[in-house]
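Chemist: Model the placement of chain B on the given structure of chain A, informed by the hints.
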Amino acid sequence: MTNTQKAKFKLPKLSRASLSERKARKGWLFVLPFVLGFVLVYLPIIIDSICFSFMKPEIQTNAQGSYTVVVNHGLEYYRKMFSSNSDYVQKLLGGISQLLWEVPTIVIFSLFIAVILNQKMLGRAVFRAIFFVPVILSTGLMEKLTVQALSGAGEDAVDDGSGVNAKNDLVSAVDIEMLFSRLQLGTAGAGVFEGVAGTVRSVYSIVNYSGVQMLIFLAGLQSISPSIYEAARIDGASAWETFWKITFPMISPMILVNGIYTIIDSFTRNNNSVMTYIDGVYSDKNQSLATAEYWVYFLIIFAIVGIFGGIVSAYVFYQRRE
Amino acid sequence: MDNQQTKKNPAPSSAVITKRGVKMDFEGKIPFRQRLIMRLTSSSFWIDRVWYLIRFILMLGISYVILSPFLQKIMTSLWSTSDFSNSQVTLIPTKVSFEIYVKQAKYWHYLKILRNTLLLSTLTAVMQTFVTCMIGYGLAKFRFKGNKLVLVLVIITMAIPHRTLSLSLFQHFLQFDLFSIQATNMPGLFKLITGKAIRLTNTFWPFAILSATGLAFKNGLYIFMMRQFFQGVPDELEESAYVDGSGTFRTFFTIILPLSLPMMITIFLFAFSWQWTDSFYTTLFFSSSSGSIGLMPDLIGTIPRTLETTNGAIKTAYYEAVRNAGGVMIIMPLVFVFLFCQRYLVQGIERSGIVG
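Residue numbers (this note's numbering), protein chains in the order written: chain A, 116 to 437; chain B, 374 to 729.
Worth flagging that the hints you see were computed from the coordinates, not collected in a lab. Note that beta-carbon positions come from the ideal geometry of N, C-alpha and C, so glycine has one too. Hints may contain errors.
As the list claims (entries may be wrong) - Quick list of in silico lysine-lysine cross-link-like pairs, DSBU-like style, CA-CA up to 30 Å: (1) A:Lys-206 with A:Lys-400; (2) A:Lys-171 with A:Lys-400; (3) A:Lys-360 with A:Lys-235; (4) B:Lys-688 with B:Lys-485; (5) A:Lys-206 with A:Lys-171; (6) A:Lys-195 with A:Lys-400; (7) A:Lys-141 with B:Lys-518; (8) B:Lys-518 with A:Lys-138; (9) B:Lys-688 with B:Lys-479; (10) B:Lys-521 with A:Lys-141; (11) B:Lys-688 with B:Lys-476; (12) A:Lys-195 with A:Lys-171; (13) B:Lys-569 with A:Lys-171; (14) B:Lys-521 with A:Lys-138; (15) B:Lys-564 with A:Lys-171.
What the hints assert, rightly or not - Okay, the calculated beta carbon distance ranges per label pair: (16) A:Val-230 with B:Gln-461: 36 to 46 Å; (17) A:Leu-158 with B:Arg-623: 24 to 34 Å; (18) B:Asp-421 with A:Ser-340: 18 to 28 Å; (19) B:Asp-421 with A:Arg-137: 53 to 63 Å; (20) B:Phe-443 with A:Val-230: 22 to 32 Å.
Claimed, not checked - Facing chain A, from chain B, some residues (calculated, C-beta under 8 Å): (21) His-545; (22) Leu-594; (23) Phe-597; (24) Gln-601.
The shape of chain A in the complex, shown without the other chains (with noise of 0.2 Å):
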């Protein structure tokens, strides 16, 4: 684009840059404040984090009495995490295969559900006002009521149908074993609980993890033109083939943000089990070794997000583009 702009430009011969040139450079007072910010704030702190993973604190005392330094550890807790008595491998591989069933699951459902609040329904203002209530949680407020009640048990905890937690779960277990074995399935019904029990407890998470994402996606709806379904309708286009010939690459632009969305805020959540598992060892007073393992992790984050990333804009489509 710059190109052809550059050519269609053609200024007679100054040393100065283009007039699209110069346009572009203002770019960059724009993006300064973060520029700023990121060199002169952030990455001082993510440097000493870093550096933070290669340290070990050591008390030493003195005349005035005992203080905390930091003696150079190398690479030695890195070799920790991944060495065979350490389950920090088992746990990162354990989380993100989860993960990476859960993120399509929230992406597809919100889109889902967007579409449908977009549709004309009765009392469609109240069921948005009711389907953004997650956003507002989505910091953890409830799970951290929900957590505290239960002393330190997370969200995956067991129901075993008694106290607390069954109050605090939707379907409780029990009521559900109750009805399978009225039921009479015998053994087989003990994997269809266990099946129905997880989907009911998954459902609940899925639409409180995908209220953001739901957000963006109904914005998104929003701005299509109407005119543009009103074409495709009046070449006889169906309601299936209308969603994938207009919806669906209309939409893509947000599809890629909600995907980098969802995949960075499950996978650094607080309840999820890596996060967890890492938090374990940071109060264990192994600030350090939490350091380094949170870095590996981000990494392996990053990664994701940039095979991700680099897959799915190659498919986006912008109505811009000329």
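Modeler: Positioned in the frame of chain A, the structure of chain B alone reads:
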């Protein structure tokens, strides 16, 4: 009624003027009854109805999934003391009591907390909305060298789990300086000039600095959203402004900002409500040992002394109710803000004229 009246009047058979307007009567019009039967027997009519019903039931069900924990939390927080030891009470209180709320509000000085949190959230949300809008615009509309690099940096800030940086974030604002790397004892710019770093913890400054530079909590998402939004805005809009002699910044302020208002409201709401409920950064920058100024997350942090109970049998349930009451008190003001902004939230985007 109108029909009977107009029938008497000798009017042209094709158009009848009634009180409500002109009624056209086409020749060979299918009678109502026949039309009804045709409509009821067509498959598309029933498919539409069934789909509508499925949609409606689905929405109802998911709404229940979202709201049921709230209902449960609100209900238990309204239990009176006797309800806790009554095993028959599971959800609805026998007598509604606001005792827990009153005691919570008194202990924590709720109005002070409300004021502090409102100030902090508004300050950061306004700054973040404006700054991320600007950065997103710069990334979307200007193809300067390093554009892609800045975008990658934005995604990096979004992807780093914020707990990774918690320790060094705290240290860097305890001794705030520009470009100082503490691990290598490299002095920053302030230290080089004035000889000492500035202590910024227990003030609003860390939030202001992070917000003004688009580095605060989840700002990467806002920047990215804004960028995607501006990518869809046609270039012709700005080009026509440039042709009319408007400068880059004037174009941004007078044309782009009003245009992106719906998106900005969305981001403002995100920023506002996430700052409101955030306890990670607030506990990091306001260490409670030196006297917290009092912010919303305090309400669910500890049990107030005035609400402590010695009855072991009801202790768990009672403390849970106290926490639930705290949670409700945190969320309530947000709900009002939310209801107020809700109609601007999504509906506005179609009015903005960004449609191609």
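Chemist: Look at each hint and say if it fits the structure.
Modeler: Hint check results:
1. Restraint check: the Cα-Cα separation between Lys-206 (chain A) and Lys-400 (chain A) comes to about 20 Å, which is no more than 30 Å; the hinted pair holds.
2. For a cut-off of 30 Å, the pair hint linking Lys-171 (chain A) to Lys-400 (chain A) stands: about 11 Å separates their Cα positions.
3. Restraint check: the Cα-Cα separation between Lys-360 (chain A) and Lys-235 (chain A) comes to about 21 Å, which is no more than 30 Å; the hinted pair holds.
4. Between Lys-688 (chain B) and Lys-485 (chain B) the CA atoms are separated by roughly 29 Å; this keeps the pair inside 30 Å, and the hint holds.
5. Between the alpha carbons of Lys-206 (chain A) and Lys-171 (chain A) the distance comes to roughly 24 Å, so the proposed pair stays at or under 30 Å and holds.
6. Between Lys-195 (chain A) and Lys-400 (chain A) the CA atoms are separated by roughly 15 Å; this keeps the pair inside 30 Å, and the hint holds.
7. This hinted pair checks out: Lys-141 (chain A) and Lys-518 (chain B) have alpha carbons roughly 11 Å apart, not beyond 30 Å.
8. With a C-alpha separation of about 12 Å, the suggested pairing of Lys-518 (chain B) with Lys-138 (chain A) holds against the 30 Å cut-off.
9. Our distance criterion of 30 Å between C-alpha atoms is met by Lys-688 (chain B) and Lys-479 (chain B), whose separation comes to about 21 Å.
10. About 15 Å separates the Cα atoms of Lys-521 (chain B) and Lys-141 (chain A), which keeps this hinted pair within 30 Å; it holds.
11. Among the hinted pairs, Lys-688 (chain B) with Lys-476 (chain B) is consistent with the structure: their alpha-carbon atoms are about 17 Å apart, no more than 30 Å.
12. Our distance criterion of 30 Å between C-alpha atoms is met by Lys-195 (chain A) and Lys-171 (chain A), whose separation comes to about 13 Å.
13. Distance hint between Lys-569 (chain B) and Lys-171 (chain A) is fulfilled; the C-alpha atoms sit about 26 Å from each other, no more than 30 Å.
14. With a CA separation close to 17 Å, the supplied pair Lys-521 (chain B) and Lys-138 (chain A) stays within the 30 Å bound.
15. Note on Lys-564 (chain B) and Lys-171 (chain A): the hinted pairing holds, with a Cα-Cα distance of about 26 Å set against a maximum of 30 Å.
16. Between Val-230 (chain A) and Gln-461 (chain B) the Cβ separation comes to about 44 Å, which falls inside the hinted range of 36 to 46 Å.
17. In this structure the supplied range 24 to 34 Å holds for Leu-158 (chain A) paired with Arg-623 (chain B), their Cβ-Cβ distance being about 33 Å.
18. Distance hint check: the CB atoms of Asp-421 (chain B) and Ser-340 (chain A) are about 24 Å apart, consistent with the given range 18 to 28 Å.
19. Taking the beta carbon of each, Asp-421 (chain B) and Arg-137 (chain A) are about 56 Å apart, inside 53 to 63 Å as hinted.
20. A beta carbon spacing of about 26 Å between Phe-443 (chain B) and Val-230 (chain A) agrees with the range 22 to 32 Å that was offered as a hint.
21. The interface hint given for His-545 (chain B) is met, as the beta carbon of that residue sits about 5 Å from the closest beta carbon of chain A, less than 8 Å.
22. A cut of 8 Å between beta carbons decides the hint on Leu-594 (chain B): the least distance to chain A is about 6 Å, and the hint holds.
23. Proximity of Phe-597 (chain B) to chain A holds as hinted, the smallest CB-CB distance being about 6 Å (cut-off 8 Å).
24. About 5 Å separates the beta-carbon of Gln-601 (chain B) from the nearest beta-carbon of chain A, less than 8 Å, and the hint is met.
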